[in-house]
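Protein chains in written order, with this note's numbering: chain A, 1 to 528; chain B, 1 to 345.
By construction, these hints were calculated from the structure, which means they are not laboratory data.
Where a beta carbon is used, it is the ideal one built from N, C-alpha and C, also for glycine.
Treat the hints with care, as some may be off.
Incomplete in silico selection of chain B near chain A, CB under 10 angstroms [to be verified]:
(1) PRO66
(2) PRO76
(3) LYS82
(4) ILE125
(5) ASN127
(6) VAL160
(7) ILE161
(8) MET248
(9) PHE274
(10) ALA302
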Amino acid sequence: MSAVVESELKEDHHHGPARGIGRWLFTTNHKDIGSMYLWFSFAMFLVGGCMALTIRAELFQPGLQIVDPGFFNQMTTMHGLIMVFGAVMPAFVGLANWMIPMMIGAPDMALPRMNNWSFWILPFAFTMLLSTLFMEGGAPNFGWTFYAPLSTTYAPPSVTYFIFGVHMMGISSIMGAINVIATILNMRAPGMTYMKMPLFVWTWLITAFLLIAVMPVLAGVVTMMLMDIHFGTSFFNAAGGGDPVLFQHVFWFFGHPEVYIMILPAFGVVSQIIPTFSRKKLFGYHSMVWATSSIALLSFIVWAHHMFTVGIPLFGELFFMYATMLIAVPTGVKVFNWVATMFKGSISFETPMLFSVAFVILFSIGGFSGLMLAIAPSDFQYHDTYFVVAHFHYVLVPGAIFGIFAAVYYWLPKWCGRMYSETLGKAHFWLSFVGMNLAFFPMHFLGLAGMPRRIPDYALQFADFNWISSIGAFMFGFTQLIFLYIVISTIRSGRKATAAVWESAEGLEWTIPSPAPYHTFSTPPEVK
Amino acid sequence: MTPGVTDISQSVYSLHMIIFWICVVIAIAVFSVMFWSMFKYRKSQGAKPATFHESTTVEIIWTLIPIIILVAMAVPATSTLKEMYDISESDIDIKITGYQWKWQYDYINDDVSFFSNLSTPQEQINNEATKGDHYLLEVDEPMVIPVNKKIRFLVTANDVIHSWWVPAFAVKKDAIPGFINEAWTKVNEPGIYRGQCAELCGKDHGFMPIVVKAVEEPEYQAWLAAKQEKARSEALLASQVWSMEDLMAKGEAVYNSSCAACHQQNGAGIPPAFPALKGSAIAIGPVEEHIDIVVNGKPGTAMQAFAAQLSDVDLAAVITYERNAWGNNTGDSVSPQDIAKAKGN
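The following block holds chain B by itself, in its conformation from the complex (with noise of 0.2 angstroms):
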């Protein structure tokens, strides 16, 4: 365990080290005793058995000493755990949602809202290229907040249980559908914070990565303000006309971040769990079943809906990839406005 970069974290590491010490202590004391017993009194070596089996005072002694030791790790433990309770006064919040398998979060005061996905290609996984420096912990947009601020996490899931942790904040929080934890934090120093999701949610619960940068006030000001800048350009563009070329090229990528993971790079799935696409009833049958799945999931399967998880354009671009990738040459172009109309609105 390493003392983290939050003051919380830096106590919690002291805990740590104060209780393992105290183990160490003790099992040295015992341990000693026992090998000593062991060496000493050998039948090999002419060992005669005493005949005590009670002492009503020894075991009086090592039941209060134990107690003692034990009141003394609490009430550490115990102003530790106040501390990492209290989320009153926060400065920022953002709302963490756990989806199978990716993080989303809201900045709810700043209108910024997207999903964190992990960005470890598919071949580093299957052992076909080298793997990179933080091979399963980097992710497409990590989490930016402000050093030396209040952030308070509401977290939650869309599915399953998830859980939100980083270890350098001492922050894990289960996200539980349908209910809001708390949890917060106050980083003292700037830089990029790796975690992973620790509760078993699914197939790809090991592909589930956290990335944080902290960074100083003026940085995440500047941020912020791209983040909102390109939700506006966003828009503009799915009132756009795209080119099939263009629909291609940015499904392809789509596709590769948002369904590669259970449909396969090339399309074949891992059947029966989650279907081929290449040649797919689906995927080359009448477009507006495609678009509803996509949009709207399969209830009872792992199949999600993605109605939320990506923009209109995105969900234009996939399905348009899905229907002319792999020898599905089914010519179909899909426009942003096709799914906003699939969305109802």
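Chain A on its own, in the form it takes in the complex (with noise of 0.2 angstroms):
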């Protein structure tokens, strides 16, 4: 088939990319547009990356050192919002852009006009959130969740640039979701019916409805907040009638699927790769689409579970409960699955696979403190404190986060037809793994022992597990300088990559040559 493709090729080679700056302002290709959305991740990664350890510096020692609490609070409301909104987010979406038209043989994105503007609205978005940085009264301190009324009536003025900079995310997700969603419903070679399509197009087609369905949410959760710090409103101020509470139902109904919008695309981009370093097909694909969708459906009942102290009748309390440990039974189908394919399976372990077997263990862990922290009684004791934390960074740094490092160390080499050194990438691997699980597995032990979240200073008894977790952080940070190494020289001298890439990949994307040419499938592709 790549055959076929290379001739056409050569007939509108003249179609390339333009020259200049003008290529990547004004572009509408899936394959720009996804690289300019990684790159600009990373960025948001590293500027993340930094308040993080800001944050774990000043928590290596009991009494204040480097910040001031006031400060330490913006740093974490930022360091969440850019993980969050700047880094996980975006990734995905730039993986998207790559990968949902080379796997279901459609030239490009269904709306490309619409792909560049919402791309290009994330860096002034973000350069309004960072500029709040440098702002009197500094920057957002009210923690990523952002509770009213902390984050209207005792908020510092730069709240409302904060606002305005989760807007411009907000649109910009949603028209990255459309544009997915019209893709993938109208744009699949002749053949690929739905249960035909790869798992990462039908993870990330249940994402975009995710997203469509509560950014608008949070889009009106902020919009409150704004009406209430200027219009005089009173949604969240119990003294004009309004409940403080409120917001948080709103922020959670918005908040919880979000979570799931950070992992369910790494579900599927485990689901390619393991399938591949294992030499076998993925075990129960159809189960697989049902565990998803299910997982997405349960999402939208589940998100009193963050608020169980917030004082929830006691009916409220065992619903939530109930349909929160439900979770469990999807996601655990998928893990047995993922085991399942690798069960008498020829295995080999490329870094794509070390991550994506990493990202199947350090997830379920993370799994299993949900579950614990889904029982209402219990959750009693875990809530906002670092048992928390422990939590959602292990669901979100191996699943989030080692997934699209995965999906890199797995595509990169079709992306730029140059394969990376699989020493120096065995090693981002281990260092990664090593790092966060210094940095992550103390805070269970934290939390238990009663330590809150988001405090800048703690009692005695938590100094030791305090600087063990601050020395993994620092690890884990400095590892990822080594990845932007291991993409740059790639790039610029790897060794020339194959079509296939790798031995037992399958997926109309291997069937192209490597690099995979500016553009594709112009005329599309049979799938029997």
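Need the complex rebuilt from these two chains, each delivered in its own frame; the hints are there to steer you.
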């Protein structure tokens, strides 16, 4: 099949990329936009990472050493916001842009001009968000969950910039999601039925629907904040007839599906990679699709498990507890399927596989602590402690971030036509793996011992675990510079990669040459 | 986690341990199959891939088993939760109010009310002095409760959301401005139990400890009586005439516990959020404006109204102190009567 595509290319090779800066500013090419998303997200990953290291440096020892408590709160807030909206989400959109057209045999995304817009909004949104650090009164300092009234009545003036920044990120995400849905529904190659779509495409389709459902809710909640701050309404002010808990309900109705937005595409990535390196078809394709959809649906009815302590009536607590526990079932099915895929395979451990295996193990650990958190009576003890911090970092770092790393190593040869260094890739993996565990595992103990989250200073009995955790965080942080080096050196001077790259990888993306030509599939491939 | 000192905290603890061990067993089972697969079916060992990729039976089994395990977990969790929600028939009711960044305890049936502030000295936090044993977990006035009595907590807040948490009781309840939440405890053993605010509530969120002293009934009654007596004598003090020295000495103590966290011990503040008092227009300007800002706060800023938090004597003392310390030599002395006048009573 690749021969066909190459001959077509010869006919329209003059339709290559434009020259100069205009190529990037005005591009409508899904590959260029995908690359820009990925570079942008990596830049944000480093910025958010520096903030995390500021936090860990302050927490290295008891007492206040490096930053004052006000700035510490700004760091925790910005770290969370940047990692969620600036690093993880754009990285997945970048992967979607690169891979979805290639995986479904489409020439480009369905709405390329909008694609350009949805990317270019982001740098402006984050410039606005980051500029708040230099404003009088400082950056947002109320946590990434920005609970009212701390974020309304008691917020610094820069909160208005934060609100507009969030609006812009939301617009970008919604446009990206519309594009993904339009592409997948309309542009699949002849013969590619829904049940033949690669799982990465499936998970992104479901994620895109989640995004469209919940980003407007986030926009709604920040608009209500804006009204409370500037237009004299009292949505979240009890004195004016409002309710601070309303904020939390609206926020978490967005926020809980949001955490699945950050994990489902990674499920898809791992479901592509594990079969490849096990040299065996994915076990239980149908139940994987079914499980992903059930997780997405369940994610809408569990939001109040973030709010067990706000004083919900007993019946509400029970409902949200049971619903939350239920998510363990489809998630368990997915993990069992991945293990069954490896079972009786012929496994090799290239870097993408290492990240994927670590994903399955560590994500499961995060899932177990999630199950513990779901049990409402014990949640009273875990809630807002470092146990929660440990839990969601175990889900998001090995889940979302390792998933993204796995995807980049897996598809990088396809993107740039060159192989990365396996030795360096493995070094990056092992250092990340050790650093990440060193940083986040002790946090379970800290939480159980009673250390609240978001405190700049702590009692003496928490000193030892914090010390270990900080060392791990620095190790994990600096290791990411190796990743930067690997990617740059691969693009510049890696050895040439073949079209198929991996021995038994399946999918349309492996039928085109490496690097993938600027325009692929101008004639749709036939899928049998 | 520790079992704690109440029946509830003990059942929460055992619930925690049950779930923990169930998770450990599942983890060992899943991971050992996984590691065994990775070890046995390595390509480098010449493993040949099998071709199966589906089995409805297996998939139904591994959907049903987790459901059964979850039901087994949900049963004890439900009964513990029901107990936690049973706030009926309390012996003592205490209203807990969260402030930025201190707690107020109102014994609503006994006319006792006081604030509980962090008592760790600022020098220890700034690493200028050796840290004490209960660094950041100590307060000037702990909540005192009798053992073996059902205590109902009515939890609310004055400004932002806080969360009142004592791990040994397994009580964590959000304090929400404008609303009252309920929780309860019944402590089995006398002792001192420590906790912290568990909801981000601004700059000094990390410096908002909770200390509860559980004592035997007679000791509790004695403490209650002493507290009531002290309230009466303070009312008396407010009508006395205070000397400048006494006001300055008392003012310094009040300043260090209530003002120094934001405005710093040397009055330098942390501009721009927390202005300096040393040489400030307020502290050396007209005395009425100074009293007004301390008593009523400044809306829209972190400066809160201290009218309800400090007694008239404390307010008079601290304002006098601020007007005469750090070279603010105005020579003004503010009396408790001035404060009462400013409050309009």
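For each hint, the structure was consulted:
{"no.": "1", "hint": "PRO66", "in the structure": "5 angstroms, holds"}
{"no.": "2", "hint": "PRO76", "in the structure": "9 angstroms, holds"}
{"no.": "3", "hint": "LYS82", "in the structure": "7 angstroms, holds"}
{"no.": "4", "hint": "ILE125", "in the structure": "6 angstroms, holds"}
{"no.": "5", "hint": "ASN127", "in the structure": "4 angstroms, holds"}
{"no.": "6", "hint": "VAL160", "in the structure": "4 angstroms, holds"}
{"no.": "7", "hint": "ILE161", "in the structure": "6 angstroms, holds"}
{"no.": "8", "hint": "MET248", "in the structure": "29 angstroms, violated"}
{"no.": "9", "hint": "PHE274", "in the structure": "9 angstroms, holds"}
{"no.": "10", "hint": "ALA302", "in the structure": "7 angstroms, holds"}
Hint check: a violation occurs at hint 8 only; the rest are consistent with the structure.
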